[in-house]
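> One-letter residues, chain by chain:
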Amino acid sequence: MTRRSRSALAEPAPVRWLLTAVTLAFLALFLLLPLVLIFAQAFAHGLDAFAHALEDDDTWASIKLTLLTAAIAVPLNTVFGVAAAWAIAKFEFRGKSLLTTLIDLPFSVSPVIAGMLFVLLFGRNGWLGPWLAEHDIKIIFALPGIVLATVFVTFPFVARELIPLMQAQGTEEEQAALTLGASGWRMFWHVTMPNIRWGLLYGVLLCNARAMGEFGAVSVVAGHIRGLTNTMPLQIELLYNDPGEYSAAFAVASLLALLGFVTLALKNFLEWRHGDELAALRGRG
Amino acid sequence: MPRAPRPARSPRRALPGFGLSLGFTLTYLSLLVLIPLAALFVRAAGLGVQGIWQELLSERLQHALLLSFGGALTAAAINTVFGSLIAWTFVRYEFPGKRLFHAMIDLPFALPTAVAGIALTTLYAEHGWLGAPLAQLGIKVAYTQLGIIVAMVFIGLPFVVRTLEPVLEDAEKQLEEVAATLGATRRQTVLHIILPAVLPALLTGAALAFARAVGEYGSIIFIAGNVQNISEIAPLLIMIRLDEFNYPAATALACAMLVLSFIVLFAINLMQAWARRHD
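So the protein sequences, as listed, match chains A and B.
All letters in the first sequence, in the order written, are residues 4 to 288 by this note's numbering.
All letters in the second sequence, in the order written, are residues 115 to 393 by this note's numbering.
Please keep in mind that the hints were generated in silico from the structure rather than gathered at the bench.
Wrong hints could be hidden among the right ones.
No farther apart than 20 Å at their CA atoms in a straight line, the calculated lysine to aspartate or glutamate pairs in the DMTMM-like style are these [to be verified]:
{"#": "1", "chain 1": "A", "residue 1": "Lys141", "chain 2": "B", "residue 2": "Asp357"}
{"#": "2", "chain 1": "B", "residue 1": "Lys254", "chain 2": "B", "residue 2": "Glu240"}
{"#": "3", "chain 1": "B", "residue 1": "Lys212", "chain 2": "A", "residue 2": "Glu14"}
{"#": "4", "chain 1": "B", "residue 1": "Lys212", "chain 2": "A", "residue 2": "Asp245"}
{"#": "5", "chain 1": "B", "residue 1": "Lys287", "chain 2": "A", "residue 2": "Glu274"}
Please read these numbers as outputs of a predicted model, since none were measured by experiment.
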């Protein structure tokens with residue numbers, strides 16, 4: 004190859020070094036530094052102060068509420084994701100692309116608007132507000148509202164991961180199972196599930212990370228009642244705005260950052276270990 | 115790779131569970147997403163054109179909308195430049211620590227927004243790790259509009275990189291070789307061969323980053339300063355109106371945000387169709 008054509012195939016070394024340096028500097032300053040700072044602040048006053056911050060009753064209540072919310076919202080969206088992916092990936096029907104677009108809709112709605120939708124429906128001045136008040140049912144400023152808002156913002160996660168994966172896998176294996184006499188559910192558990200398990204886990208991980216960390220939507224519906232309707236992100240806001248509790252805010256934040264860190268690690272492990280099975284996920288534009 | 119011809123597709127709906135899965139999907143989607151969204155627009159319709167217009171005339175509301183949309187577009191543009199650069203570096207070059215740095219790109223997806231918000235604020239505050247050196251240069255980031263852009267760039271970055279990477283990986287090196295053989299310079303190859311091939315994906319990434327940034331709340335409100343008519347984003351103004359039980363104002367602003375977002379996303383879609391045609 005002539006010198007000229009080589010130079011047209013790759014950038015000269017100084018350009019390569021420059022681009023790599025800019026990339027690494029950008030990632031280090033923009034992504035790594037904030038993460039390091041969270042842990043540095045959380046442990047700024049030592050392990051004892053960190054442990055003490057987490058012993059607070061209201062903080063404990065917020066951790067429990069976050070876990071409970073995720074424990075309800077994530078399974079709901081998982082069942083939905085599998086059902087939606089089954090219908091969309093394995094069958095042909097009219098309006099399929101519209102349905103796929105509608106499933107993604109919550110991603111382009113501001114979390115604050117998401118929370119507001121449920122306030123307009125179930126709040127004191129909402130459509131169903133008077134009826135709910137009459138029957139003494141609390142949705143807004145209570146757990147049901149927090150769950151609804153969380154379900155809305157994490158709505159597409161599982162479905163989005165499963166649809167391309169199941170589309171790529173086709174229907175041959177399932178049809179073989181049926182031909183061999185398997186029942187519908189047996190076919191699903193023994194053929195479909197093993198095929199999609201890693202993609203499913205991947206979607207559930209992302210859904211869970213967002214569910215536990217959601218702030219804007221939950222902030223609208225929760226009403227910020229200390230020890231009652233504060234989830235971990237809301238508790239972080241409360242502590243952060245109290246000058247005396249600054250490092251306590253970072254102590255709680257470090258727990259959520261750890262969750263994010265573990266999610267990333269698992270996600271990368273899945274991509275590395277089961278990358279071939281997840282290949283369909285990377286192909287989408 | 116040679117492939118055996120696929121057997122003809124079996125008759126449609128041969129698999130069980132179509133009715134059950136589609137029925138459940140539609141019910142769940144309607145109850146949790148479509149009906150609540152429709153209710154918002156019905157409520158807005160109840161205000162009447164006059165009523166909505168009256169709300170939209172508020173100077174504070176216009177500032178908030180301008181800031182959210184202007185900020186999100188700026189952040190998307192910055193992310194398009196740095197996101198392409200980062201995607202390019204990871205796809206085409208080898209360097210030590212590549213895996214680790216690559217894993218970090220998704221951090222803004224995995225880190226809860228409130229956590230990102232307080233971390234960025236502390237980092238860029240006057241005495242923060244980055245804020246202090248920047249202050250020496252006379253640049254103030256935290257509690258200014260610049261801080262809002264920084265937060266928007268942070269949360270939008272993975273969208274551009276992740277959408278671009280698979281396309282850059284698939285981009286045919288052969289075409290580049292042909293261009294090189296025909297005597298194109300590297301610059302010409304990048305501009306005329308590579309850029310057109312990745313442009314649709316680049317626009318998709320930019321659209322996703324924009325959509326996320328325009329509605330973002332958690333990572334912005336801590337660093338924004340939230341000064342009325344200066345650094346008050348639209349989602350925060352909705353929050354304020356809801357706290358005051360001023361539902362008409364909140365509804366009008368929410369509808370304006372949704373409609374404007376869809377217009378921007380639609381425009382990006384058109385640009386994409388144009389880019390595909392001229393590929």
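> Of the hints given before, which are not true for this structure?
4 and 5
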